[in-house]
Amino acid sequence: MGFLQIGGDIPKVEPDIIFTVFSFPISNTFLGITLVLLMVLSFSYFVVRKFSITPRNHTQTVVEMVYVGMEDLLEQVAGRRDVAVFLAPVILGMFVFIGVANLLSLIPIFNTVTYDGVAIFRTPTADFNTTFAMALVMILFIQMQSIVKGGFFQYLGKFFQFHEVYKGFKKSMGDGFMAIINFLIGLLDIISEGARVVSLSLRLFGNIYAGEVLVVILLGAFAYALPSVWISLSILFGVVQAVVFGALSAAYYSISMPPPDGEAAS
Amino acid sequence: MQILEILGKIGFDWKLALANLINIGIIFLVLYKFAFKPIKQKIVEREAAIKKGLNEAHKAEIARQEAEDEKDEVLAQAKRDAVLMLEEAEKQRKNILKDAETKALKERENILHKAQLEIEGKQAEMERVLSEKSAELISRGVSAMLQEEMTPEINDRIIKKMTSHGK
Numbered sequence: 001m002g003f004l005q006i007g008g009d010i011p012k013v014e015p016d017i018i019f020t021v022f023s024f025p026i027s028n029t030f031l032g033i034t035l036v037l038l039m040v041l042s043f044s045y046f047v048v049r050k051f052s053i054t055p056r057n058h059t060q061t062v063v064e065m066v067y068v069g070m071e072d073l074l075e076q077v078a079g080r081r082d083v084a085v086f087l088a089p090v091i092l093g094m095f096v097f098i099g100v101a102n103l104l105s106l107i108p109i110f111n112t113v114t115y116d117g118v119a120i121f122r123t124p125t126a127d128f129n130t131t132f133a134m135a136l137v138m139i140l141f142i143q144m145q146s147i148v149k150g151g152f153f154q155y156l157g158k159f160f161q162f163h164e165v166y167k168g169f170k171k172s173m174g175d176g177f178m179a180i181i182n183f184l185i186g187l188l189d190i191i192s193e194g195a196r197v198v199s200l201s202l203r204l205f206g207n208i209y210a211g212e213v214l215v216v217i218l219l220g221a222f223a224y225a226l227p228s229v230w231i232s233l234s235i236l237f238g239v240v241q242a243v244v245f246g247a248l249s250a251a252y253y254s255i256s257m258p259p260p261d262g263e264a265a266s
Numbered sequence: 001m002q003i004l005e006i007l008g009k010i011g012f013d014w015k016l017a018l019a020n021l022i023n024i025g026i027i028f029l030v031l032y033k034f035a036f037k038p039i040k041q042k043i044v045e046r047e048a049a050i051k052k053g054l055n056e057a058h059k060a061e062i063a064r065q066e067a068e069d070e071k072d073e074v075l076a077q078a079k080r081d082a083v084l085m086l087e088e089a090e091k092q093r094k095n096i097l098k099d100a101e102t103k104a105l106k107e108r109e110n111i112l113h114k115a116q117l118e119i120e121g122k123q124a125e126m127e128r129v130l131s132e133k134s135a136e137l138i139s140r141g142v143s144a145m146l147q148e149e150m151t152p153e154i155n156d157r158i159i160k161k162m163t164s165h166g167k
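So the protein sequences, as listed, match chains A and B.
Following the numbering used here, the numbering of the first sequence begins with 1 at its first residue and continues without gaps.
Following the numbering used here, the numbering of the second sequence begins with 1 at its first residue and continues without gaps.
If you're looking for bench data, these hints aren't it; they were derived computationally from the structure.
These numbers were taken from a predicted model, which means no experiment stands behind them.
All the given hints hold, so there is nothing to weed out.
Straight-line Cα separation of at most 20 Å, SDA-like style, residue types lysine to any residue; simulated pairs: (1) 37/B to 69/A; (2) 40/B to 56/A; (3) 12/A to 110/A.
To list a few chain B residues with every Cβ distance to chain A over 12 Å, as calculated: (4) 56; (5) 98; (6) 104; (7) 112.
Example chain A residues on the side facing chain B (calculated, C-beta under 7 Å, incomplete): (8) 14; (9) 25; (10) 27; (11) 30; (12) 40; (13) 41; (14) 48; (15) 93; (16) 129; (17) 133.
Where is the CB? At the ideal position from N, CA and C, for every residue including glycine.
Let's have the full structure, built from the sequences with the hints guiding it.
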């Protein structure tokens, strides 16, 4: 290892356990999430609390622009304003968490604070447990909303289309066979809902974890200029991944929701 | 089970996932309660204030238009009143002129009448004085012709006679 290289261990896939509380392990990603929580609390207490109806500083203008921008983006994705307004706090919460968590790893001292030789903090989104939990909660939230909005039997009817098969065969043989195909597609949708959890969580985890691995590799190759290019790109990727997660969640939500009364009638 | 094994290879541990989930849930609650809700509230309040302001501006515009219409109406009424007043004033002017003319004519006649009477009085007086002077001259002439001493009694008698003739 020469002067131009800085050697480092490739980050492990699983997080490091710092200590346990009642047999519950507290990992460095958990502490990373706690740090994000503290940052969010500080921002809410010191900045948002001082917001007024008439913006007195640029911070409020920027924050409101982001909020309204997210509502507009969700309206484009979901195609409905009421859905966008309802979803905005959820998706924006996810966006803020993922964005801040992704960008945390770019702060130089973030990964260097250690306890007993183990980094205390780790990028939360570089831990599959975090991304999986988020994706699972998001998909469960969407399924619950689908049941609340359309009713339990309409929700089940999306996956088990017995009635459509009956109606198809009553109409004609051809329609009956088409209804059987739709019935099978309905069953596949159950798997697809599960796959959404995996795809959402793996996409985010893979991107961020791979980024961290790449930084270590680049530091080992040429430590003084090359990594900066990737770190610069990581700022963009961190935000883009947050947007992708939020936009996909909104798209899944709008797909899962029953159509509005007017459209259903027509 | 196989899925859990596969997930375990990429670091999945349900305890860690649950702990992270709870922490993320708290972040969401904090964000919703202390950030997004106040931000949205401010945006809604501002929108309401803007809407209210626009409504008030619209009302003010309507009120201004009404005031403009009222002003036009008042001006038109004032013009109509002015025309009527001018017509009335013209009528009054003509009446006053006519009255003044009539009064002046009457006054002139009165003055003329008075002057006539005065002239007639003066004429009578002059005639009387003339008669007396004429009679005196005649009596003097007669006494001269008669060569007779004129006594006051004779003189008076002659004058009276003359004057009675003159009449």
